[in-house]
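There are 2 protein chains.
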Amino acid sequence: MITPRFDILGQAISDASRTQMLCELMEGRAYTNKELAAAAGVTPQTASAHLRLLQDAGLVVAEKRGRCVYHRLAGAEVAHALEQLAAIAPADSLHRAQQRKAGGLAQLRSCYDHLAGPLAVAMTRAFLDRGMLVEEQGAFRAVPAGEWLKLGVVLPEKTGRQPFARPCLDWTERKLHVAGPMGRQILDHTLASGWVKRRKHKRGLLLSAPGRAALEQILDLRCGALAAA
Amino acid sequence: MITPRFDILGQAISDASRTQMLCELMEGRAYTNKELAAAAGVTPQTASAHLRLLQDAGLVVAEKRGRCVYHRLAGAEVAHALEQLAAIAPADSLHRAQQRKAGGLAQLRSCYDHLAGPLAVAMTRAFLDRGMLVEEQGAFRAVPAGEWLKLGVVLPEKTGRQPFARPCLDWTERKLHVAGPMGRQILDHTLASGWVKRRKHKRGLLLSAPGRAALEQILDLRCGALAAA
DNA sequence: AAAACCCTTCGCCGCGCGCCGAACTGTTCC
DNA sequence: GGAACAGTTCGGCGCGCGGCGAAGGGTTTT
Numbered sequence: 001m002i003t004p005r006f007d008i009l010g011q012a013i014s015d016a017s018r019t020q021m022l023c024e025l026m027e028g029r030a031y032t033n034k035e036l037a038a039a040a041g042v043t044p045q046t047a048s049a050h051l052r053l054l055q056d057a058g059l060v061v062a063e064k065r066g067r068c069v070y071h072r073l074a075g076a077e078v079a080h081a082l083e084q085l086a087a088i089a090p091a092d093s094l095h096r097a098q099q100r101k102a103g104g105l106a107q108l109r110s111c112y113d114h115l116a117g118p119l120a121v122a123m124t125r126a127f128l129d130r131g132m133l134v135e136e137q138g139a140f141r142a143v144p145a146g147e148w149l150k151l152g153v154v155l156p157e158k159t160g161r162q163p164f165a166r167p168c169l170d171w172t173e174r175k176l177h178v179a180g181p182m183g184r185q186i187l188d189h190t191l192a193s194g195w196v197k198r199r200k201h202k203r204g205l206l207l208s209a210p211g212r213a214a215l216e217q218i219l220d221l222r223c224g225a226l227a228a229a
Numbered sequence: 001m002i003t004p005r006f007d008i009l010g011q012a013i014s015d016a017s018r019t020q021m022l023c024e025l026m027e028g029r030a031y032t033n034k035e036l037a038a039a040a041g042v043t044p045q046t047a048s049a050h051l052r053l054l055q056d057a058g059l060v061v062a063e064k065r066g067r068c069v070y071h072r073l074a075g076a077e078v079a080h081a082l083e084q085l086a087a088i089a090p091a092d093s094l095h096r097a098q099q100r101k102a103g104g105l106a107q108l109r110s111c112y113d114h115l116a117g118p119l120a121v122a123m124t125r126a127f128l129d130r131g132m133l134v135e136e137q138g139a140f141r142a143v144p145a146g147e148w149l150k151l152g153v154v155l156p157e158k159t160g161r162q163p164f165a166r167p168c169l170d171w172t173e174r175k176l177h178v179a180g181p182m183g184r185q186i187l188d189h190t191l192a193s194g195w196v197k198r199r200k201h202k203r204g205l206l207l208s209a210p211g212r213a214a215l216e217q218i219l220d221l222r223c224g225a226l227a228a229a
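Listed in order, the protein sequences are those of chains E and B. Note that full-length UniProt numbering numbers the first sequence so that position 78 is 78, with each residue one more than the last. Note that full-length UniProt numbering numbers the second sequence so that position 16 is 16, with each residue one more than the last.
Among these hints, one or two may not hold up.
If chains are identical, the list can't say which one is meant, so a pair holds when it fits in one copy or spans any two.
Claimed, not checked - Within a straight-line C-alpha distance of at most 25 Å, the following computed DMTMM-like cross-link-like pairs (lysine to aspartate or glutamate) qualify:
| # | residue 1 | residue 2 |
| --- | --- | --- |
| 1 | Lys-175 | Asp-7 |
| 2 | Lys-34 | Asp-7 |
| 3 | Lys-158 | Asp-129 |
| 4 | Lys-175 | Asp-188 |
Simulated from the structure, these hints should not be mistaken for lab results. Computed from a predicted model, the values in this text were never measured in an experiment.
Please build the complete structure, drawing on both the sequences and the hints.
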C-alpha cells in the first residue's frame with residue numbers, strides 16, 4: 001500500500017507546542033532552543049525533545065555555534081508547504097480576532113525569506129495596480145519597469161523553471177503577497193537600505209521613516225496608518 | 001501569538017490509519033466507511049471515529065446515500081496541499097522498495113482528478129519532448145498543437161489566473177505529471193473513450209488495447225512494458 | 001578554578017487517544 | 001415482520017507521548 005510518510009510530518013505538526021515553534025521559525029531567522037521554548041511556553045528540556053523530533057522529520061535543521069544551538073527551517077520548500085497547509089487550515093475567526101485585539105502581529109514581518117503582513121499585501125496590490133506585476137497561471141509575471149530597480153529587484157533575462165515571483169497567501173490577511181526570489185530581493189534590499197529594521201526583542205519588522213518615504217515616492221503608497229507601530 | 005491551526009490539520013494527518021484513508025481518497029473517488037476501514041486495516045467503528053475527525057478538520061466531506069455514507073476529499077485545494085506535503089515527506093526508500101516488490105501501485109492510477117503513475121509521468125515527458133508543453137515559472141504552459149484535440153484537451157483562449165496545466169509531483173516516481181484543468185480533461189477523455197478503465201475491486205487504472213494504440217499513434221509513446229498489468 | 005549559562009539525557013507522572021467488543025439506529029431486501 | 005447489513009455510540013483497555021524536575025556534558029565568563 002502506498003503511503004507517503006504523511007504521518008511523520010503530521011506527527012511533527014500535530015502538536016500545539018511544535019506548531020508554535022514552526023510559526024516562530026517561519027520568520028526565517030534562526031532561533032535558540034531557549035527562545036523557542038519561551039515562544040511555545042514550555043521548559044527548555046521539553047523544547048529540546050520537540051526540536052529533535054522536528055529535525056528527524058526533516059523540517060528543521062540545527063547548527064551549533066558556541067554553547068548555543070541555532071534552529072532554522074530546513075528550506076524554502078518547507079516554508080512553502082507550511083503556507084499551503086495554512087491556506088486550507090480551518091478559519092479560526094475567534095482566534096484571529098483576539099490576536100488582533102492583543103496588538104497582534106506586526107503590520108510588517110518576514111515570512112521565511114520575504115516580506116509579509118498588511119504592508120506587504122499593500123505593496124503587492126500596488127505592484128498589480130501599477131501593472132508592474134501580472135497574475136497569470138497561478139504565478140506572478142513581472143513586467144519590466146524602472147520601479148523594480150529602485151526597489152532593488154533585478155529581473156531575470158529569461159523565465160526560468162522556478163517561479164521568480166511566487167504568490168504567497170498571507171496567514172492573517174488571506175491575501176496574496178510576493179514570495180520567491182523576487183520577494184527575497186525585496187526583503188534584502190529594504191533591510192540593506194534601512195527602509196525596514198528588525199525589532200530587537202519582538203517579532204516583526206519596523207518600517208522606518210526613509211522607508212515610508214521611499215514607498216510613497218516609488219509606489220505612491222501612503223502607509224501612514226500602517227506604519228504606526 | 002499568531003498560530004494558524006496547523007495543529008488541527010496536523011492532528012488529522014498525524015495518524016497512520018488516517019493517512020492511509022487519505023491516500024485512498026486521493027484517488028478522487030468516494031468511498032464508504034467500510035472500504036476505508038479495510039484500507040486502513042481497522043474496524044468500521046474505529047474508521048468512523050477517524051472520518052469524523054477528518055470531517056471536523058475540513059479535509060473530508062460525507063454524503064449519505066441510502067444506508068451508505070460516501071466520503072470524499074473536501075476539494076482540490078486539499079488534494080493539492082497533501083501533494084505539497086508529500087513533496088517534502090522524508091524519502092522512505094525501504095518502504096517504497098517493499099511496495100514495488102509487493103506489486104505495488106498500478107502503473108496508472110488517478111490522483112484526485114487526473115492521471116498519475118509511471119505512465120502519466122511518461123505521457124508528460126512526451127508532451128515536453130514534443131514541445132506541446134513548456135515548463136516555466138513553476139507552471140506548465142500548453143503550446144497549441146493538433147495532438148491536444150486528439151487527447152480531448154481544449155486549450156483556453158487566454159491564460160487565466162489559475163494554472164491550466166499544473167505540475168503535480170508523483171508520490172512514487174518523484175517526477176512531474178500534469179494536473180489542473182488539463183489533467184482533468186485528459187482523465188475524463190481517456191475514461192470516456194475507453195482508453196483506460198477503472199478496475200473493479202483493486203486500486204488503479206488499466207490501460208486498454210485501444211488506449212495503448214492511441215497513445216502510440218498520437219504521442220509515439222511505446223508503453224508495451226508499462227501496460228503489462 | 002569557579003561560577004554562570006545553554007543544552008541534553010534520564011526517569012517519572014498523567015492525560016489523551018487509538019483500538020476493539022458490544023449494543024443501538026436506520027436502511028434494504030426477502 | 002424479520003433478517004441482513006451499514007454506520008454510529010458507548011465503555012473500557014493499554015500504549016504513547018507531552019510535560020517537568022533532577023542531573024550530566026560543554027562552553028563562556030570572571
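Going through the hints against the structure:
1. Taking the shortest Cα distances, Lys-175 and Asp-7 sit within 25 Å of each other only across copies (22 Å), while inside one copy they are farther apart (29 Å).
2. Taking CA atoms no more than 25 Å apart as the test, Lys-34 paired with Asp-7 passes between copies only; the shortest distance there is 22 Å, against 27 Å inside one copy.
3. In this assembly of identical chains, the alpha carbons of Lys-158 and Asp-129 lie at most 25 Å apart whether taken from the same copy (24 Å) or from different copies (20 Å).
4. Taking the closest pair of Cα atoms, Lys-175 and Asp-188 come within 25 Å of each other only inside a single copy of the chain (22 Å); across copies the shortest separation is 33 Å, beyond that limit.
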